[in-house]
Each structure stands twice: as C-alpha cells, then as structure tokens.
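Protein sequences appear in the order of chains C and Y.
The first sequence maps to residues 0 to 400 in numbering that gives the first Met the number 0.
The second sequence maps to residues 0 to 400 in numbering that gives the first Met the number 0.
No lab work stands behind these hints: they were computed from the structure.
Don't take every hint at face value.
One copy or two, it doesn't matter: identical chains are merged, so the pair holds either way.
Unchecked claim - In silico EDC-like links for lysine to aspartate or glutamate, alpha-carbon gap of 20 Å or less: (1) Lys56 <-> Glu333; (2) Lys56 <-> Glu332; (3) Lys56 <-> Glu346; (4) Lys56 <-> Asp328; (5) Lys23 <-> Asp368; (6) Lys125 <-> Glu98.
Number of protein chains: 2
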Amino acid sequence: MNDPAAELLIPHRFRASGVKAGIKPSGGDDLAVLAASAPCAAAGTFTTNRVCAAPVKWCRGLLPAEDILAVVVNSGNANAATGEPGLANARQTAVHAAELLGCRPEQVLVASTGVIGHQLPMPKVKAGLAAAVASLSDQPEAFQAAARSVMTTDTRPKILSERRAIAGQDATLLGIAKGAAMIGPRMATMLAFLLTDAPVRSHDLRAILADAVDSSFNCLSVEGHASTNDTVLLLSSAAGPAAPLSGSDLAEFASMVGSACETLARAIADDGEGSTHFITIDVEACRTTADARAIARCVAESALVKTAIHGADPNWGRIVSAAGYAGVDFREEELSLWINEVPVYREGSPAAFDEQTLSASIRSRRPVDLRLTLGSGDASARFWTCDLTAEYVRLNADYTT
Amino acid sequence: MNDPAAELLIPHRFRASGVKAGIKPSGGDDLAVLAASAPCAAAGTFTTNRVCAAPVKWCRGLLPAEDILAVVVNSGNANAATGEPGLANARQTAVHAAELLGCRPEQVLVASTGVIGHQLPMPKVKAGLAAAVASLSDQPEAFQAAARSVMTTDTRPKILSERRAIAGQDATLLGIAKGAAMIGPRMATMLAFLLTDAPVRSHDLRAILADAVDSSFNCLSVEGHASTNDTVLLLSSAAGPAAPLSGSDLAEFASMVGSACETLARAIADDGEGSTHFITIDVEACRTTADARAIARCVAESALVKTAIHGADPNWGRIVSAAGYAGVDFREEELSLWINEVPVYREGSPAAFDEQTLSASIRSRRPVDLRLTLGSGDASARFWTCDLTAEYVRLNADYTT
Chain C
0 MNDPAAELLI PHRFRASGVK AGIKPSGGDD LAVLAASAPC AAAGTFTTNR
50 VCAAPVKWCR GLLPAEDILA VVVNSGNANA ATGEPGLANA RQTAVHAAEL
100 LGCRPEQVLV ASTGVIGHQL PMPKVKAGLA AAVASLSDQP EAFQAAARSV
150 MTTDTRPKIL SERRAIAGQD ATLLGIAKGA AMIGPRMATM LAFLLTDAPV
200 RSHDLRAILA DAVDSSFNCL SVEGHASTND TVLLLSSAAG PAAPLSGSDL
250 AEFASMVGSA CETLARAIAD DGEGSTHFIT IDVEACRTTA DARAIARCVA
300 ESALVKTAIH GADPNWGRIV SAAGYAGVDF REEELSLWIN EVPVYREGSP
350 AAFDEQTLSA SIRSRRPVDL RLTLGSGDAS ARFWTCDLTA EYVRLNADYT
400 T
Chain Y
0 MNDPAAELLI PHRFRASGVK AGIKPSGGDD LAVLAASAPC AAAGTFTTNR
50 VCAAPVKWCR GLLPAEDILA VVVNSGNANA ATGEPGLANA RQTAVHAAEL
100 LGCRPEQVLV ASTGVIGHQL PMPKVKAGLA AAVASLSDQP EAFQAAARSV
150 MTTDTRPKIL SERRAIAGQD ATLLGIAKGA AMIGPRMATM LAFLLTDAPV
200 RSHDLRAILA DAVDSSFNCL SVEGHASTND TVLLLSSAAG PAAPLSGSDL
250 AEFASMVGSA CETLARAIAD DGEGSTHFIT IDVEACRTTA DARAIARCVA
300 ESALVKTAIH GADPNWGRIV SAAGYAGVDF REEELSLWIN EVPVYREGSP
350 AAFDEQTLSA SIRSRRPVDL RLTLGSGDAS ARFWTCDLTA EYVRLNADYT
400 T
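Next comes chain C alone, as it looks inside the complex (with noise of 0.2 Å):
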C-alpha cells in the first residue's frame, strides 16, 4: 500500500470524488465516482454466485467495451437479491450518471457494497451523483475521498498508485480496493478499480485481469463467504489513438496489474472484520496449483485454524487436520509444517519445538507465515487470510437495522 505520505500519483485523464449521499445510516462517505475524459477500454471480473447483484449484471452486459467513460460505486446498499426493481435502479443510476456526464447510460458501469436485499434509495443516489459529478479533480485528495467512499466495514481505505516506464513511456496504474467480510475466494472478492494511462485493448485487459485476479483476490479469505457483489475493474484510459501495447512491454504492464492485485489483496486480509493477526499460507510440493490452493483455502477458512492463531496458540494439529479434508489425494508422510520457520510436523509425524517460544513469536509477527509442503510435485500456491475473533463475531452478530 502507498505510505499514506507519499505522493499518489494519477493516471492521466481520470477524475474522481466521493461524497456523502445519506445512503449509510452511519451518515459517512457512500457514493464515489471515477471518471474519464476519454473513451476507456475496460475489463472486468466478478462474483460465481449465483444469487448476484444488480450492478454485477448491469457490468457483465456490457464488458469487456472500448467505450466506458465512468464507474459508479454505492456503500451501504448492494442491491443484490433485489429481483426486477433492483436491477431497473442499477440501470437508472448509470442513467442519471450519464446526463450528468453528457453520455449514454452504457458508458457507465456501477458497483454497490452493503446490505443484501433492500432497495436503493434513488432520491438519495440522485442527489448523491449531482454533488459527485460536480466536485470530480484529478488531485490526490478526490481519489482518496473515492477510495474512503467505497468502504464498508473496512477500518481504512486501501489505495495504491505504481508508474514504470513501459514502451518507453510512462504508464500508471491506481488501484482502489475496499473488503472486509464476506470475502471468500472462488471469483474476485470484493470491490477493486484500477486504472491506467497505458495504451491496452479491453481483450487484452480482460486476459491480464483474469490472470491477476487469479493469483491474489482469489487467494484470499476472510469467512469464506462469497459475496453476491464481487467485481474488480481495469480501465485504460489511453486505449484510442495511441499504440496498443504488445510483446514484452504488455507483459511489463500485466506485471504492474499483478503486483497491484497482490498488494490489494493483501490489505483486505490484513484488515479482515474484527481480525488482529494476518496470515500467510504457502503450500508447495503439489502436484497441480489446484492442489495447493485446494489445501490453503482449506486451512484459510478453518475456524479452529483462525481461532488457535488468535490465541497465539502453536496447535498445528487443527492445520494439518485442516489440510487433510481439502479433497486432495495425499499420504500422510509426505506432508511437513513449519509455523513462522518453525518446523512442528516433519512427514507424519510430531517435530520437537519450543511451544512457548512459538507462541510468543505467533503473537507478535506480522503477517504470521503457515508453510505446508507435501512432496507431490512442484506446485504451490500462496494465501492470504486474518484470524477469527470474538469482536468479528460482535460486528456480524449486530441487528442489521
């Protein structure tokens, strides 16, 4: 994440802002808006649910385009399960937002984030877009009021910015990201935009996207809950004129998008519902990376994995158990774990090791590191995922009204 000191750098021709709409009963931030003054290429991934949102279906409809000129995003409502009237509000959102914007409603795409199963209120979200339009900037500080207008239960934005010279220009990438619960992995977990100035056609965003969310947004765990709203967004907004990128220079740009997505990821897990410690899993020796994903969303999601990590509590018998039921086809004997480098379990059977030393080193470090190796192949896969305590329990246990 960008030390929150340094300069955010903006991609050329995007606007943002972030207002406060009074869609959240809380009053705070809840209505962003990311735009272009010029036709963007865009890309998109989102949620395998099958119950999913209005503005899901609104996006799919219409990505990857050459054309898209803004991002809509509502916290506080998702307008998911919200049958034939939600849907008509995702599409008249992106209608208001086009009048505003002097375009057609299938240049603009929407996301929500919220509560499941309640209407949007449209006054509010009229009301909301007229101050959002009217203060877009292209400074720091509108993309920061965007990133914070996108939070739910998130305990702080997450924003980064990234520039690299690619075809011997400069080509930058802003990733807004927000998450905290109802993270699983399984599809893009959450909301995520990135954007760029570099010069790529939507196809080759959608490949690039795919890939990188692949590797980091599906790589993360909060409950293991898979949310109805799931969407991340790449758009470019040098995609007309200029020479697309190709060869080795895309492969520099795809890189900036997965070192993006990574860090994104990360900072969702980091900063999980209630969490106070943040996981890494790694598990190698696979035979396929199915496998080694198979066993670390496994271990990622286990109750009694998260609640002994809460406890600084070295009881590595809950994470191989855990490995055990991942539906992957292994001997017992070849599996070992080591705990923050501790090795506790070599092939089968117990390691000696100091449990109070582990322990404090488990309290103390950050991200805590779980390495499970089978001796299968050459596959691994990294996780990231936070532990589950008694206040995540408080947070999701509150009366939703």
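Knowing the structure of chain C, use the given hints to seat chain Y on it.
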C-alpha cells in the same frame, strides 16, 4: 435423546464402564470400555480426512468383522498425526485390553478423541484399562459412565436407547456419541457407538450404517472442520447362531438405526461449542440430493449466517448468498427462503415481513428453521448446525496446553 429420568435399555450381552485414567489434564472421566460376552458382527464408517488418527487406521484394517468383543475409547488425546509410535500405541491399547478380556487384539476396536499430535500416555492407558475392565457392568449407570468418558468439550453426554419388536423378538439398540467441535460433514463426523442385540450380519450392518450416517452425521456441521478421528461403530451381539434378519425385518432394524443416528447427530449440533442456537436447514425442490446437501452445507458453514442467527438478525441476504456459492447451478428467480416459516424471499425478490417479530422468533425458538426451495426438481436434504458465538472463539483461542 433419552429423558435422563427414563430407563436406559441395554442390549443383551453388552457391558460398559468409564473411568478416570488421567489422560485429560482436567482429571475427568476419559477411558470407556464397551464389551460383549459373545463375538459381535461389527461395521464402521470413518473420517475421509487424509490425515487420520492411528485408531482409525487400526479399526479400518479390521472391519467389517464377525468376531469383535470390545471397543476401547479414550478422550483427551486424539492419537492423530503421531506417526509410527502412534500406530504402535493404538495396537498396544488393543493388546492390553485383549489380555484383560482373554481374547485376541484383533477382536478389540479402539477410538480416540482430544488434542492432535501428542503421543498417548501408555502407562496411564494400561492402568486405566485394568480399572475399566474390572468395573464392567450391564447396568444403565455403567453405560452412562461410558458416555461421560468419551466427552471432550461436550456439555452433556449423548446416549439413547430404543427397543422394537423385530421378527417376533425384542431388538434393543443403544447409542452413544460425542462431539462439539471439529465437526464438519463429508464423513462420519465424530465418535458414535451403536450396540444392538438384533441378529444382523456384518455386511448388512455395513450397508445399514453407511445409509444411516449419510443422512445423519454427514448432514451435520459445527464449523465444517473435518476431524481426523471421526468414527461410527455398529456392533451386534446376536450375530452368531441366531437366524440373521432379512427383508422387512432388516428394513425395520435399519429404520431403528437411522432414527438413532439422526437423534445423536441432532444432539451434537444442539451442543455445538459455545452455541446458543440450534439450527435446522431444509433445502427442497432440487435436481439431486447432492445439490440440496451442497446448498445446505454452504448455509450451515457460513460464519455470516451463523453470527446473524446468534444476533437474532433476520439478515436473509446472507442465507441466499450462501446458497448462491454452493456450486449448484440454479437461477436466482427460482430461489425462495423461509425463516421460522416466515417467507422472507420469494422467487428472487424480497418479501415484506415484520423484522422485530421475526427477530424475536429467532431468539426464542429452538431449533431455528431455515427452509430454502429451488424450482429444479424433487430432491431435498436436511442439515443440522448451530450458531457461531464469541464463546466458540474464546474456547478455541485458549492455549492447547
């Protein structure tokens, strides 16, 4: 479950005992023996975890069998992930018991539950076995002691008995189970021991047990973590000279076993670690039973659903979104949901309901009933689980040792 005041019916030719062997740090009862005076037909189902306990390996190698004479169960130590010394200790437990009972070690089944990764304290096991065999009795109090001795974090023993007239004779079935955490489906998810004097052959016992487990213990989840030690054993003490049951008599016996397994499975969910709500999930009108169970499992294992129920929050969006990521292909427009019989979501759209009344009903009713219907077919499934509480986190974040 049996009313504690009601008479516990003991099947012929079985004795039991439960003693303090000193395996549990708490000093509670921790060693149970179930013994038969005649060789039993026996069958078992076991965890599908790739990391499985030494006693599971011992039993798997023996069953089904026609000559089982005893089951030895310890709590406080799982004898799992213990390598070759763990296997030797499981075998040695059977050897000690066989010496005391005057039979071969291969006639003794063993089961363990407790912390993973520690070697069994064999001097304590040996001394405990001597005390347990010396106190074997066919009185109800002895079976109650055995039920207490298999508990770990269970708050109450789980024991039942039933007697039916089958093939013109009384057949009695007694069941004991334990389990409060590390409870996930996909296998027999805990320890349970079923004893009967109905004359049934071991291969019939095996088929009947597999069916019964499939729709009882495999439809049960506390937090979805599949244990390394899950074991369900079914022993018949009347398999020898008597004519074995067949046809409708065998079906009647199967019905008695199915009913006992369901009651014990419900009792485990009802006593989930730290839980304050017991939850039943019905999923109906699916294409296949596997589809219905996949959806029920996702709902049962969602931390967001479980915390919402804990908070008596009718936040139904969490339930329908959990259904949506089960990997089952359905259209949102065919999905409906009832909470305690109140329709909250009808064919893809929110239904109006009184939130405060429903919240009060969630708070007070036991079990809380969640019913989901698709429009895909005739298959259905029923699942049992409990809520997720700060007390669960506290219990599992405490240091192992």
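Outcome of the hint check:
Taking the shortest Cα distances, Lys56 and Glu333 sit within 20 Å of each other only across copies (17 Å), while inside one copy they are farther apart (45 Å). In this homomeric assembly, Lys56 and Glu332 come within 20 Å of each other (Cα to Cα) only across copies, at 14 Å, whereas the closest approach inside a single copy is 47 Å. Within a single copy, Lys56 and Glu346 get their C-alpha atoms only as close as 48 Å, which misses the 20 Å cut-off; across copies the closest is 17 Å, which meets it. Taking the shortest Cα distances, Lys56 and Asp328 sit within 20 Å of each other only across copies (17 Å), while inside one copy they are farther apart (37 Å).
For the homomeric pair Lys23 and Asp368, neither the shortest alpha-carbon distance inside one copy (37 Å) nor that between copies (31 Å) is at most 20 Å. In this assembly of identical chains, the alpha carbons of Lys125 and Glu98 lie at most 20 Å apart only when taken from the same copy (11 Å versus 83 Å across copies).
Consistency note: the structure conflicts with earlier hint 5 alone.
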